[in-house]
Amino acid sequence: MGNQMPRTVYFFATCLVDMFYPNAGLAGMALIKREGLKVIYPRNQTCCGQPAYNAGYRDEARKVAAAQLDLFPGEHPIVVPSGSCAGMMKHHYPDLFFDKPEHTKAVDVADRVWELTGFLTDVLNIKLKDLGEPLQVALHTSCSTRREMGMAHAGESLLAQLDAVEVVEQAHKAECCGFGGSFAVKQPEISNAMVRDKTEALRATEAALVVSQDSGCLMNIGGAIEHQGEGPKTQHIAEFLWERTRER
Amino acid sequence: MSGEFHDGVVKALGDDALRQHLRRAMDSLIAKRLAVFPDQDALQELRRYGMAIRGNALSKLPQLLERFEARCEENGIHVHWAETTDEANKTVFEILQSHDVKRLVKGKSMVSEEMGLNHFLEAKGIECLESDLGEFIIQLAGETPSHIVMPALHKSKQEIAELFHEKFPDIPYSDDVDELTAVARGILREKFMQADAGISGVNFLIAETGTLCLVENEGNGRMSTTVPPLHIAVTGIEKVVEELADVPPLLSLLTRSATGQPITTYFNMIKGPRQPGEKDGPQEVHLVLLDNGRSRIFADEELQATLRCIRCGACINHCPIYTRLGGHAYGTVYPGPIGSILEPQKEGLERLGELAEASTLCGACGEVCPVRIPIPKLLNRLRWEGVRRDGTGETSGQGRRRKHSESLAWKAWSSLASRPALYRIAVKSACRFRRMLPQQLGPWTHVRKAPEIAEKPLRELVEVQGLTDE
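Residue numbers (our numbering), protein chains in the order written: chain A, 26 to 273; chain B, 35 to 504.
By construction, these hints were calculated from the structure, which means they are not laboratory data.
One should not assume that every hint holds.
When the alpha-carbon atoms are kept at most 30 Å apart in a straight line, the in silico BS3-like pairs for lysine-lysine are as follows [as the list claims (entries may be wrong)]:
id	chain 1	residue 1	chain 2	residue 2
1	B	411	A	125
2	B	158	A	258
3	B	66	B	94
4	A	258	B	462
If we take Cβ atoms under 10 Å as the criterion, some of the chain A residues that face chain B in the derived model are [what the hints assert, rightly or not]:
id	residue
5	87
6	146
7	147
8	150
9	253
From the three backbone atoms N, C-alpha and C, an ideal C-beta is built for every residue, glycine too.
Extracted from the complex, chain A is given alone in its bound form (with noise of 0.2 Å):
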């Protein structure tokens, strides 16, 4: 793909956006229009088979992935707003489909895949002009963002860009937090004792607001911080982003 700046993309907006968090998709894919991009949402998407791929259930996994495979047809890159869903098809999909008929359509869809905010700086260059008051917010950065799509600098770059917005920083900020999918029910005590220290490093900060890349995360700490009661809200960074910067 290049630097070459893109006319179009396909946006996969994960089963998780889908279902809790649409807004998040609709500001992701908005955020991206508003720099002169088409935006396509493959109307037959479902989900990436992260689930079942890190339970260890390959089959399942490869026969949901594989229903993926079509929905991109051209050059144009898949911009998906989690870097969870993103490192499964970038970096997962060429290992399960290896030795399969599929294998050459899923690198193909693997080699376009972006983490939606690493697309927002790395491939946009995006400019952000804060319209929002003044606020202070947490990032939290998740552990696929961060390591397996190695986007970390993506989300703070952004926030960054926003003047009234101060990000303040909470200790162990790159440490999980505990939620890992099917981890979290599989082992309930270890990921309660790893939400429970991430609301409590987020709540020491005082910030009004966490945002991340991952639906996964937010689900978990934002579940965790309303039942435990006041505390920080939390939000989609595609959202809080929109939300920020949109004309009115």
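We have chain A; now place chain B onto it with these hints.
Using the frame of chain A, we list chain B on its own:
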């Protein structure tokens, strides 16, 4: 969930003092490592180099082991092979017996922990004294190592002071680290002089020269391997590297990754027994090379990467789960991420497959591994091995983690999520009838509110906005 691991988890999580202690210890180790790798590019270069060295050695493991054995014999080191820990224990015992050994001192060795060597020998009436300070402490306490580099990491200074006071009532109580170390040193000095044999581990075996390399900080390794008349080294077959030139980069990676030291205080290169005219060194040197499942791991192209490990413990120090649990909760010889890939392969998935599931796959381990073992990828692979049914491959206990209810659920999910039209109906219905869905979701909602399903799914909203491809 298996009872043993679960019990360990619950016990560890209930110990607030332990968790705070572990957090401080890990923070300090993380900071120390970071300080000795100031240049990110240089670090990544060195990691690639480390991986290449270990990968090269494994790619010709059988040949290198043969060459290594031949060089050792030339150097006067007796090499013994052991398929199982039982065989290894018996071999060590026979050597000790033939020298009429009653008392021995030990340097730190995780392979000897794997063998349960102390226990085995003590049952035969041989006194084994651990001479590494950390090992000495846990031996006094009757415990096992909780970390592969710092075995007594779980113990606070006060706990150690109380332990010493209880075991050595004649020595005045102190919780001063230097004084405690002096107490241990005083006891150990005498034991080194009295010991009939010394046992040590090995960090690297050099095929080119037939050399055993031993990395340590306290000088106890040097004492154990030079003062007694007999030295027996025990290690795993994967520790071999091709040539002498492979050692400096690996050593640098090892000490920096482990404790944030540019180099350890001692680095021993053992190339045989005492030669005529030499003033120290044992009269005999033996090496026991243990397989214990390593050949099986070696046979799998992907899982073989497990054997690249140089036992620095960086993955452990950076693991958010180890930081919550400590080493004992795992119930294995090797804890943390490396243990969670190694132990299920060594002991079988049926017994220890759960360890591969007890990870969020956050990737902190893989990011710091000095030889770039893709630990999260291997954890995922072992999860697959745990539930796959095609009967191919070498992993012990394959398919034994498969549960009928779980497999049915994934099957149903995949049928739904691979049929877009059906999936659309399901999602839209879930949104429409969201108030009727359960709000208590098992353990999830013990500490979290259930996630809220949207009024309308994104797929419905985009249709209104004309964003779809149809």
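For each hint, the structure was consulted:
no.: 1; hint: B:411 / A:125; result: holds, 19 Å
no.: 2; hint: B:158 / A:258; result: violated, 64 Å
no.: 3; hint: B:66 / B:94; result: violated, 35 Å
no.: 4; hint: A:258 / B:462; result: holds, 27 Å
no.: 5; hint: 87; result: holds, 9 Å
no.: 6; hint: 146; result: violated, 19 Å
no.: 7; hint: 147; result: violated, 18 Å
no.: 8; hint: 150; result: violated, 23 Å
no.: 9; hint: 253; result: holds, 8 Å
When held up to the earlier numbered hints, the structure conflicts with 2, 3, 6, 7 and 8 and fits the remainder.
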